[in-house]
Amino acid sequence: MTRPASSYSAAFTPAQRRHNRRSLAALAVYALVLPPIVWLHAHANAYPLEQPWLALLSLIPALPLIAIFLNFARYLSEESDEYIRLMVMRQILVATTVAMCCAVIWGFLSELGGMRPIANYWIAVVWVVTQSTWGLVQRFRSRGDS
Amino acid sequence: MKNRLKVLRAERGWSQQDLAERLEVSRQSVNAIETGKYDPSLPLAFRIAELFDMRIEDIFQKG
Numbered sequence: 053m054t055r056p057a058s059s060y061s062a063a064f065t066p067a068q069r070r071h072n073r074r075s076l077a078a079l080a081v082y083a084l085v086l087p088p089i090v091w092l093h094a095h096a097n098a099y100p101l102e103q104p105w106l107a108l109l110s111l112i113p114a115l116p117l118i119a120i121f122l123n124f125a126r127y128l129s130e131e132s133d134e135y136i137r138l139m140v141m142r143q144i145l146v147a148t149t150v151a152m153c154c155a156v157i158w159g160f161l162s163e164l165g166g167m168r169p170i171a172n173y174w175i176a177v178v179w180v181v182t183q184s185t186w187g188l189v190q191r192f193r194s195r196g197d198s
Numbered sequence: 285m286k287n288r289l290k291v292l293r294a295e296r297g298w299s300q301q302d303l304a305e306r307l308e309v310s311r312q313s314v315n316a317i318e319t320g321k322y323d324p325s326l327p328l329a330f331r332i333a334e335l336f337d338m339r340i341e342d343i344f345q346k347g
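Just so you know, the sequences run in chain order V and F. First residue of the first sequence? That's 53 in the working numbering, and the numbers climb one at a time after it. First residue of the second sequence? That's 285 in the working numbering, and the numbers climb one at a time after it.
Derived by calculation from the structure, the hints in this document are not laboratory data. There could be a bad hint or two in this list.
As the list claims (entries may be wrong) - Listed next, with one range per pair, are the computed distances between beta-carbon atoms:
no., chain 1, residue 1, chain 2, residue 2, range
1, V, Pro-169, F, Lys-286, 52 to 60 Å
2, V, Leu-188, F, Gly-347, 24 to 32 Å
3, F, Gly-347, V, Leu-76, 29 to 37 Å
4, V, Ala-77, F, Met-285, 39 to 47 Å
5, V, Leu-92, F, Ser-299, 54 to 62 Å
6, V, Trp-105, F, Pro-327, 27 to 35 Å
7, F, Ala-294, V, Ser-162, 54 to 62 Å
8, V, Leu-188, F, Arg-331, 23 to 31 Å
9, F, Gly-297, V, Leu-161, 57 to 65 Å
10, V, Arg-195, F, Ala-294, 16 to 24 Å
11, V, Ala-107, F, Leu-335, 55 to 63 Å
C-beta: ideal position from N, C-alpha, C; glycine also.
Generate the whole structure from the sequences, applying the supplied hints.
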């Protein structure tokens, strides 16, 4: 597939720009759906919900976040720049390692160490923060070499 | 693996961005190859060789 040379003139590859657009759209949906659901949860006495509606409602904010993770798989299949793809693969590997280590450590601390259990979605937050941070570190290193 | 990419690029007066656009890759890719941090795949090595009208082994040497 031939692309116009100007596609690579920016800081991001065309696949990265598409990935960023899709991720921002998913985050926008998340930001829109979360507040009303949190509000409903906070006012559960006034608006009591039975199962399975309560469970279904609680899953709505999860869907855009799931889309963000699925978006990574799509991005990797679209990225034609082999070096950038390798860098993103490394980011994913580092983020997965850190998130899984945090999950295991906190799991044992909360089960056996008397620490307070935390919501499982924090594992996803750790993954995203680590992946983004490692991406910035790689960009910074790359600039230093030029 | 060592390579002469930086020298060949400089001989033609191209910046890393110029070379990246000709190869249809990112500037980071060119930079990583030039500094020896990344060895390109065979298809990309062929594209580089074609661009400079040279053989792959004249650009990349076992280091």
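Structure-based check of all given hints:
Between V:Pro-169 and F:Lys-286 the C-beta distance comes to about 54 Å, which sits within the given range of 52 to 60 Å. Hint check: V:Leu-188 to F:Gly-347, Cβ distance near 30 Å, so the stated range 24 to 32 Å holds. Distance hint check for F:Gly-347 and V:Leu-76: the Cβ-Cβ separation is about 42 Å, which falls outside the suggested range of 29 to 37 Å. Taking 39 to 47 Å as the suggested C-beta distance range, the pair V:Ala-77 and F:Met-285 conforms, at roughly 41 Å.
Our hint of 54 to 62 Å for V:Leu-92 and F:Ser-299 holds, since their Cβ atoms are close to 56 Å apart. At about 53 Å, the CB distance of V:Trp-105 to F:Pro-327 disagrees with the hint of 27 to 35 Å. Take F:Ala-294 and V:Ser-162: their Cβ atoms lie about 58 Å apart, and the range 54 to 62 Å holds. Judged by the Cβ atoms, the range 23 to 31 Å given for V:Leu-188 and F:Arg-331 holds: they are separated by roughly 29 Å.
Take F:Gly-297 and V:Leu-161: their Cβ atoms lie about 59 Å apart, and the range 57 to 65 Å holds. At about 20 Å, the CB distance of V:Arg-195 to F:Ala-294 agrees with the hint of 16 to 24 Å. Checked against the hint of 55 to 63 Å, the pair V:Ala-107 and F:Leu-335 passes, with Cβ atoms roughly 57 Å apart.
Against the hints set out earlier in the document, violations occur for numbers 3 and 6.
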